[in-house]
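Position chain B with the ligands against the provided structure of chain A, taking the given hints into account.
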Amino acid sequence: MIRIFKIALRNLMRYKRRTLLTSLLITLGLLMVILFSGLAGSFKEMMIGQITDSNLAQMQIHKKGYVSSIDTSPLNLTINQKGYKKIEKMLNENPDVEAYAPRIKLSAMLSNFTETTNIRLNAIDPDKEIKVCPDVSERMKFSGSQTPDILLRPGEIIIPEKLAAGLKIKIKDSVVLVANNKDGSVNGLNFTVAGIIESILGPQGKEGYMHIKDAQSLLRMEKPEIIEIALRIKKFDKLNDVYKDLKPALAKFENKKGKPAFEIHTWEKLSPFSNIAKMIDIMTVSMKIIMIAIVLISILNVMMMSVYERVREIGTMSAIGTAPGKIMSLFLAEGLSLGLISVLAGNIIGILGIYILNIYKIRYAFGRQDNLLLSPTISFSELAWVSAIVLLVSVFATLQPAYKASRMEPVDALGHV
Amino acid sequence: MALVQIDNVSKIYQTGEVQVKALQDVTLSIDEASFVSFVGPSGSGKTTMLNLIGCLDKPTKGKVFVDKDRVDTFDRIQRAAFRGSVLGFIFQAFNLFQVLTTYENVEYPLVMIKNESASKRKEMVLKVLESVGMLNQKDKFPDQLSGGQKQRVAVARALVTQPKLVLADEPTANLDKKSAVNVIRLMRSMRDEFKTTFIFSTHDPGVMEEAEVIHTLEDGRLV
Ligand SMILES: Nc1ncnc2c1ncn2[C@@H]1O[C@H](COP(=O)(O)OP(=O)(O)O)[C@@H](O)[C@H]1O
Ligand SMILES: [Mg+2]
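Residue numbers (this note's numbering), protein chains in the order written: chain A, 5 to 421; chain B, 78 to 300.
Hints should not be assumed to be uniformly reliable.
[What the hints assert, rightly or not] Below, a sample of chain B positions facing chain A; criterion: calculated Cβ distance under 7 Å:
no. : residue
1   : N128
2   : A157
3   : R160
4   : N172
5   : M189
6   : I190
7   : P282
8   : M285
[Unchecked claim] Which chain A residues stay away from chain B? Per the calculated CB distances, all over 12 Å, these:
no. : residue
9   : N15
10  : R21
11  : F40
12  : K68
13  : S72
14  : G159
15  : S189
16  : P264
17  : T320
18  : I366
19  : D416
Calculated directly from the structure, the hints in this document are not laboratory data. From a predicted model like this one, the values you see are computed outputs, not experimental measurements. We put the beta carbon where it would ideally sit given N, CA and C, even for glycine.
Next comes chain B alone, as it looks inside the complex:
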């Protein structure tokens, strides 16, 4: 079985009288250690798709399997635990914790989610900071870093728990072209290094080029 299996999934948002079909009857699978991009214009359903795979939301219809688990039937607590143990997240606006240093941001999941021992934590954090090239910035706070640097820290935070799958919704949208391509290339080299599957969304053609598999969405349908 593929790492991610989407079976006939629909997501309908009901706001008042209006029904928005964010995803309609999507079926697809994503292999382990692949480097996948969802592309499409704004409003095409990319975020909705990533939220479903990322166990942040439930589909209206259909089944979602991640790492052999059927995640669409999970409850709140199960989803949180699953996200913490199997998934990693990278956000458009970086979403680093303002009050924590680079080192502490990367360490956060190991302390607050995984309960790793202090020595193990240190080893893991230093290793992943080294890999993303942010070791020399480890004591800086987020507001002392550039956008590209912040996203590198975010990549490190997503990878430090050694997740099977990392999800990144428009990870380059807040970056200039050069940093954007650099971050995507960093992600791909991380995939090479750790065999982690990466799924990201973008509407930037320059970033799209870096993906190995591209799924295009249009009005909630796969094309």
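Next up, chain A with everything else stripped away, as it sits in the complex:
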């Protein structure tokens, strides 16, 4: 076995330039996959992290039908106290749920006493919200350089930066919010601007924040009602499993017509970024397919040339009694070695490349955000997978030439010049 690889390696060294070029090509293919997976993967992870940790949360529960009419922020599809209690009980009993927070989504008119504009607001219970979206304050600017202990007190509002800029509103300014409640009656309240928030991609990316109690009084709710419950689970990679647990549990709560009263969605259903994430996955797969094609074609090409150039040698091996299987394994070892050399080089350069990319952090802008820092990573299992694919394809590409070599008749092969 060792001998077979020794002969294979010597034969590869015989055509140094060709071996080098081929393994360089495969190395590049592998490198492309490693770097792209690293970069795209970390971009995806970062964007998902931002969406789930600072904005949408990982899952949301609404009154049935809310998400399909989300654009109008309907105020009649609320969850009342009784419903909230029931859901709360269910969530408390689920061991996978880490935290949940009630929210009210509303749109209102924002006025700085001279100008008025539309604003969409996320009314939160700050203590609970911070457990569901631990990074919620990351995009917020406050009067001091630090985030206050209590994110938001009743009477305070946090305004999206574009609105603040447009209306020339500064922190600590007074503003008025005017809103229609679900019966159409109008109400207005005074607020102090406590902070400014950067917007991010997605349906809830340009919302301001206010206290849930204020929203309830602004909307003149006689009994406290809410619009959505945001959820965080203990292990994010179990998201779909937990979703599959919660969905039927929630479906047990029925309305008067005997239909499910509530609905639950994961962030993927709520954010358009899930489509971008899917695109990234598709691109990563495409990269891998391209890499497989590169490996397949280049190794097939080299090994076919090898067999053709060494017909007389193959004839000699066969004539002196080398079994066809041994001849085949000699060539397979050669193809595998070529793949192995490339895999080693690709891994070393790839890991080095990712390491360097992490030293010189990449800044990029996405949507309205700039100065995002990308820190590409690639998991060991991903590397192992990609490497295994390359090795497997190397052997596969060598099968045909190796088989051809093993089937050669010594008389014909020896006569070949």
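Quick look at chain B with the ligands alone, frame taken from chain A:
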């Protein structure tokens, strides 16, 4: 029974419309430990004859026995195994493996064909390299050797598996006169040392003289 028995053997090559009778109704036998040469002009059927005895090819008609086995009925795999265990080969163009040293070339059949243990291999390779006088060149690669030296290595490679019979098709055709005679004499002394039967072909009268038995072929017939 003789080591090699050729019974009424014919070999006809069919290329398109043309039929070439490379061998016609040849019957002969070759004794164990003999030193035999097939001679004759180019195209007379020497290579065809050696290929049939060497289990590299099958006759169109007739029977071929080598070492009591009827080899013309063997399939591909059987022939390969038979060549590896009973026969040794020496080629006109030496056919050493370029990427292997002298030592490794001689060791090759023991590793790739015979699966001998490492210690046994070493003993056998060194012994046969000593016999052909190439021990001092054991770490050189083929392209560092002269033609005569290469053929000595090839003789060693053919003998290292201790075959019953060594076949050599025009082993001296690529050598100068002096080396040619030396290689043939080496082969004969190997026969003396190991009792191995040697069959070679040549059209060189100087080389022919060294043979003990000469079979002459002409247009595929024994004369
Ligand atoms: N593979 C083949 N196909 C067709 N004709 C062949 C083939 N091999 C040999 N011959 C013919 O058979 C005859 C004998 O050839 P060969 O045995 O090579 O003679 P020698 O070795 O004595 O020169 C020649 O006429 C040659 O052209
Ligand atoms: Mg010939």
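Verification of the hints:
no. : hint : verdict
1   : N128 : holds (6 Å)
2   : A157 : holds (6 Å)
3   : R160 : holds (4 Å)
4   : N172 : holds (4 Å)
5   : M189 : holds (5 Å)
6   : I190 : holds (5 Å)
7   : P282 : violated (26 Å)
8   : M285 : violated (23 Å)
9   : N15  : violated (6 Å)
10  : R21  : holds (16 Å)
11  : F40  : holds (38 Å)
12  : K68  : holds (72 Å)
13  : S72  : holds (70 Å)
14  : G159 : holds (85 Å)
15  : S189 : holds (93 Å)
16  : P264 : holds (70 Å)
17  : T320 : violated (4 Å)
18  : I366 : holds (46 Å)
19  : D416 : violated (10 Å)
Checked against the numbered hints given earlier, the structure breaks hints 7, 8, 9, 17 and 19 and satisfies all the rest.
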